[in-house]
Amino acid sequence: MPEASTGVALNTVEVRFTGGMLALNRLLMTLQNKRMPVAGFTLGRDGGGLRATIVLDCPPESALRYTALISALADVTEAGPAETIEIALVETSADWRTVAEQSGVQAREDGKLVVASGGPEKMDDFLATLGEDVEDVVRLGPVARPEGGV
Amino acid sequence: MCEALLDEGVEHLFGYPGGAIMPFYDALPDYPLRHVLTRHEQAAAHAADGYARATGRVGVCVATSGPGATNLVTGLATAQMDSVPLVAITGQVGRPALGKDSFQETNVMGMTLPFTKHSFLVEDPDELYPTMRRAFEIARSGRPGPVLIDVPKDVQFAACNDNGYRRLKEVPSPVESPGLERAAMLLRSAKRPLILAGHGVTLGGAEMELRLLAERTGIPVVTTLLGISAFPDDHPLYLGWPGMHGQASVNRAIDRSDLLFAVGMRFDDRITGAAHKFAPNAKVIHIDIDPSELGKVIKPTISIAADAKAAMHSILGHLDDVPEGEGCARWREELGRSQEPERRRKESARDEYGPIQVMEAIKRAAGPNLRLVTDVGQHQMWAAQFFEFTKANSHITSGGLGTMGFALPAAMGVAFAYPEDPVWVIAGDGGIQMNLQELATIRDFGLNIKVAVLNNGYLGMVRQWQQFFHNRRYSETSITGPDYEQLTASYGLAGKTVREGDDVEAAVRWAQEQDGCTFLDFHIDPEANVYPMIPSGMSVNEMIEEDRA
Chain A
0 MPEASTGVAL NTVEVRFTGG MLALNRLLMT LQNKRMPVAG FTLGRDGGGL
50 RATIVLDCPP ESALRYTALI SALADVTEAG PAETIEIALV ETSADWRTVA
100 EQSGVQARED GKLVVASGGP EKMDDFLATL GEDVEDVVRL GPVARPEGGV
Chain B
0 MCEALLDEGV EHLFGYPGGA IMPFYDALPD YPLRHVLTRH EQAAAHAADG
50 YARATGRVGV CVATSGPGAT NLVTGLATAQ MDSVPLVAIT GQVGRPALGK
100 DSFQETNVMG MTLPFTKHSF LVEDPDELYP TMRRAFEIAR SGRPGPVLID
150 VPKDVQFAAC NDNGYRRLKE VPSPVESPGL ERAAMLLRSA KRPLILAGHG
200 VTLGGAEMEL RLLAERTGIP VVTTLLGISA FPDDHPLYLG WPGMHGQASV
250 NRAIDRSDLL FAVGMRFDDR ITGAAHKFAP NAKVIHIDID PSELGKVIKP
300 TISIAADAKA AMHSILGHLD DVPEGEGCAR WREELGRSQE PERRRKESAR
350 DEYGPIQVME AIKRAAGPNL RLVTDVGQHQ MWAAQFFEFT KANSHITSGG
400 LGTMGFALPA AMGVAFAYPE DPVWVIAGDG GIQMNLQELA TIRDFGLNIK
450 VAVLNNGYLG MVRQWQQFFH NRRYSETSIT GPDYEQLTAS YGLAGKTVRE
500 GDDVEAAVRW AQEQDGCTFL DFHIDPEANV YPMIPSGMSV NEMIEEDRA
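Chains A and B are the protein sequences, given in the same order.
Per numbering that gives the first Met the number 0, the very first residue in the first sequence carries number 0; after that it's consecutive.
Per numbering that gives the first Met the number 0, the very first residue in the second sequence carries number 0; after that it's consecutive.
Please keep in mind that the hints were generated in silico from the structure rather than gathered at the bench.
Mixed in with the good hints there might be a few duds.
[What the hints assert, rightly or not] To be clear about the criterion: a stretch of chain A counts as covered by chain B if any three or more of its residues have a C-beta under 8 Å from a C-beta of chain B, and this derived list gives those stretches:
(1) 14-28
(2) 67-80
[What the hints assert, rightly or not] From chain A, some residues computed to sit far from chain B (all C-beta separations above 12 Å):
(3) 47
(4) 107
(5) 126
(6) 128
(7) 130
Source: prediction; values computed, not measured.
Heads up, the beta-carbon is just placed ideally off N, CA and C, and yes, glycines get one too.
Please model the complete structure; the sequences and the hints are all you need to start from.
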């Protein structure tokens with residue numbers, strides 16, 4: 000059984016690794032094998048290697064233990080806690096500026112689209128508040144927030 | 000590949016050739032490496048495992064692609080669960096044939112991902128030598144484990160060089176942390192402390208530090224199943240081992256203790272039973288080299304991610320002023336009294352034909368240098384309960400995976416490592432049949448392995464569970480076997496059958512005195528049970544101590 004979902008404590012771990020598909024396979028197998036409570040998984044390029052942003056839904060001390068486990072994989076060059084953001088591209092007729100301010104996400108207009116960014120929970124709140132006024136939405140992430148913010 | 004093995008100091012490798020590993024085998028005779036041709040790849044993996052456990056060095060096994068590689072799987076999983084350093088080399092179909100469902104192609108890397116510490120598919124010949132060396136580093140560093148190297152046949156044929164390989168500096172683990180000093184303070188103030196030592200003590204070569212710590216503080220020592228022989232059984236501070244079939248008094252001691260100093264162990268469910276009821280009165284100091292083990296099952300008061308030897312050495316430094324062995328006198332007296340009934344039961348059982356009498360006879364015949372390799376099941380528990388291990392690392396068994404069929408091939412590894420020491424296998428009549436073909440390997444190499452089968456005509460432990468928890472519905476646990484005397488004779492080995500009324504002592508002495516492998520088939524009570532027993536997932540309060548049938 001995976002660790003019981005807490006529903007409140009999302010911990011993000013950013014993992015950089017080399018070794019391509021074989022290493023990715025090993026990472027995924029480790030997540031599954033150790034029944035880690037993965038609530039999100041995003042993969043991207045990172046120089047010559049890969050970077051995975053893993054959102055774990057568990058108490059912080061469990062996330063630390065899981066991070067230690069991931070760090071021990073020989074392909075992993077770096078693994079540690081990270082702050083994450085999601086990006087949403089939204090088409091809406093609603094008063095998105097007010098909703099964004101209330102939800103704590105950053106948002107700006109780009110042509111017909113609203114480009115919003117913020118933590119996963121804030122983004123959930125933002126989109127839920129917009130509700131049926133959302134005509135179309137594309138969500139990207141979660142990804143680790145680059146140092147210095149966006 | 001052979002040069003990398005030599006550069007790693009490898010002397011023995013255990014394997015079985017086949018199409019995709021032929022270039023390696025073609026080169027092998029030109030190198031001073033002793034290859035042991037087993038009769039099955041699973042046995043090769045277990046033999047390498049036994050060699051590694053006995054020596055602390057990396058064991059090496061070799062197989063071809065496809066079925067050769069898949070046959071290694073159980074051995075790799077066994078090594079992974081017990082943190083045994085192993086390098087498995089598999090041949091693979093040539094690079095142009097990869098991914099095309101070629102003859103004997105299988106994705107052994109994918110297959111073994113969950114139970115290897117790491118694995119490599121070598122696609123660049125120039126990476127072959129450094130990969131081999133790196134595999135050994137990974138296998139033995141930190142928490143040891145098995146590493147697989149899958150080498151396509153054309154890569155084996157290709158010319159390669161060492162690619163400027165330089166051995167990585169192994170960074171010693173940090174030995175000082177505030178936790179160590181706090182741990183020492185807790186050890187000073189505890190009234191009913193216990194040291195719970197696991198396999199990590201043996202793997203880390205920390206037997207002396209464990210002994211010094213126990214003797215300095217006067218704290219009694221218990222071990223896990225794999226920790227047995229990390230501390231001498233005849234030491235006055237040794238209590239025994241806890242868990243599902245551990246001594247009742249040890250389980251109760253843990254239940255009563257106010258401090259558990261757990262070192263080099265991982266709180267396996269066979270130790271804890273119901274984790275939330277385990278050691279309910281104790282603060283827990285947990286030391287393990289693998290930080291991901293800390294807090295996994297039991298939430299420790301103090302957790303220290305460190306090598307067992309370094310950590311205990313450091314803690315001893317914080318206990319310099321403690322008068323030697325004066326601590327915990329009342330607690331030790333109390334524990335001593337609690338063990339009296341078990342001692343009496345053991346004494347009285349010595350006169351009855353059965354497992355205890357067999358163990359006692361082997362102990363006497365083999366002497367203090369005995370290295371015992373057990374299989375998995377009832378006999379494994381009896382051996383752990385009734386042998387007295389005074390020599391460090393003299394008890395070898397498959398703990399985490401519980402692999403039936405482990406003992407005979409693992410004993411081959413032990414016998415190659417220590418040809419002068421008496422090596423005994425104790426197995427059940429189920430497990431022994433799983434790798435019985437290795438008698439041929441044992442004969443070919445003249446290995447001096449003595450085998451004692453406790454033959455009850457059942458898969459005994461499963462039958463015991465059926466008796467307790469399934470109303471004696473013995474579904475598919477009755478098992479037959481060959482006439483072992485005739486079988487061993489057909490292999491050119493000597494064997495005897497021993498039944499109730501026969502002279503156990505004489506049979507064991509005979510076996511010990513023969514040159515080479517001998518095989519004793521002890522027919523024992525089909526319904527003999529292992530006691531005590533804590534049913535799976537329960538606590539010491541639900542322990543079954545005697546036959547209630």
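Do the hints match the structure? See the list:
1. 14-28: holds (count 4)
2. 67-80: Answer holds; 6 residues pass the 8 Å Cβ test.
3. 47: 15 Å, holds
4. 107: Given that every Cβ of chain B is farther than 12 Å from that of residue 107 of chain A, nearest at about 42 Å, it holds.
5. 126: 35 Å, holds
6. 128: 38 Å, holds
7. 130: 41 Å, holds
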